[in-house]
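With the working numbering, letter number 192 in the sequence shown gets 192, and the count goes up by one each step, no holes.
Rather than coming from a laboratory, the hints here were simulated on the basis of the structure.
Nothing here was measured: the structure is a model prediction, and the numbers come from that model.
By construction, the Cβ of each residue, glycine as well, lies at the ideal position given by its N, Cα and C atoms.
Heads up, some of the hints might be wrong.
[Said to hold, decoys possible] SDA-like mimics (lysine to any residue), calculated; alpha carbons at most 20 Å apart, straight line:
| id | residue 1 | residue 2 |
| --- | --- | --- |
| 1 | K130 | G99 |
| 2 | K30 | F158 |
| 3 | K31 | K66 |
| 4 | K189 | N178 |
| 5 | K116 | F158 |
[Claimed, not checked] DEER-style ranges, computed between Cβ atoms:
| id | residue 1 | residue 2 | range |
| --- | --- | --- | --- |
| 6 | C170 | N141 | 25 to 35 Å |
| 7 | V34 | K137 | 31 to 41 Å |
| 8 | N141 | T64 | 34 to 44 Å |
| 9 | A124 | T185 | 20 to 30 Å |
| 10 | K189 | V34 | 35 to 45 Å |
| 11 | T177 | G134 | 20 to 30 Å |
| 12 | L199 | A124 | 12 to 22 Å |
| 13 | L104 | F205 | 37 to 47 Å |
| 14 | P52 | Y153 | 18 to 28 Å |
| 15 | Y29 | P51 | 34 to 44 Å |
| 16 | C170 | V34 | 17 to 27 Å |
| 17 | Y110 | I195 | 17 to 27 Å |
| 18 | P49 | L147 | 27 to 37 Å |
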Amino acid sequence: MKVLGVGLGLVLAGGMQVRAQKPQQDSTYKKWFVGSSLLVLGNLIPDDPNPPEYVQLNVGYRITPKDVVSFRFKRSVYAWPIGLPWGPSFDAPGENYPGHARILAPTLGYQRFWWKGAYTSVYALNAFEKYMDGNNKKIGNGYTVYLDFYVGYQFRFFKNRFFFEPAIGCSYWPVRTNVPQSFKTVEQKWPNYFIQPGLDFGFNF
1 MKVLGVGLGL VLAGGMQVRA QKPQQDSTYK KWFVGSSLLV LGNLIPDDPN
51 PPEYVQLNVG YRITPKDVVS FRFKRSVYAW PIGLPWGPSF DAPGENYPGH
101 ARILAPTLGY QRFWWKGAYT SVYALNAFEK YMDGNNKKIG NGYTVYLDFY
151 VGYQFRFFKN RFFFEPAIGC SYWPVRTNVP QSFKTVEQKW PNYFIQPGLD
201 FGFNF
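Let the sequences and hints guide you as you build the complete structure.
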């Protein structure tokens, strides 16, 4: 009995030691964040013939340290086919729409971290578009579903309070309705996808 009592005491003591040494959750881990994109700096280009009037607001929640859901709100103006790739043709004379489109796009997203700051993400944009002709007169309303896919890396600063996420992505639109014929004629020779950078930043809290 004496031996049994000593053994039981050692087991209990060992269990207490394990519990005492159990690491606590990282105090720098934050569940919520807000942010935007460095692409908004395009609004500062002087004498831009097609100013983007770009606005982006991100709000996100970390379900786990590796799984993130987010809501984004985007607003912009574009005057060229959205499938037009970066290069000599981009914003070249004759490639623009006969007017421009204004877009409001509430967006839902999911982000998965795989190793340290490396991640992939997918976003679904519900884009409500208003088409304007060359005289700034409304000629129609449209709707487009965009799916954005990104591969990137998140860098964190100042005890994980701030982050920056450079990435490369592809935007694809499987649904696009009510595009005016004059706009459709310009964009029909371009694909329904676009390779683009991701330059998001934010604040964790």
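Outcome of the hint check:
no., hint, result
1, K130 to G99, "holds, 11 Å"
2, K30 to F158, "holds, 13 Å"
3, K31 to K66, "holds, 11 Å"
4, K189 to N178, "holds, 18 Å"
5, K116 to F158, "holds, 17 Å"
6, C170 to N141: 25 to 35 Å, "holds, 26 Å"
7, V34 to K137: 31 to 41 Å, "holds, 37 Å"
8, N141 to T64: 34 to 44 Å, "holds, 40 Å"
9, A124 to T185: 20 to 30 Å, "holds, 28 Å"
10, K189 to V34: 35 to 45 Å, "holds, 40 Å"
11, T177 to G134: 20 to 30 Å, "holds, 23 Å"
12, L199 to A124: 12 to 22 Å, "holds, 20 Å"
13, L104 to F205: 37 to 47 Å, "violated, 27 Å"
14, P52 to Y153: 18 to 28 Å, "holds, 25 Å"
15, Y29 to P51: 34 to 44 Å, "holds, 39 Å"
16, C170 to V34: 17 to 27 Å, "holds, 25 Å"
17, Y110 to I195: 17 to 27 Å, "holds, 21 Å"
18, P49 to L147: 27 to 37 Å, "holds, 30 Å"
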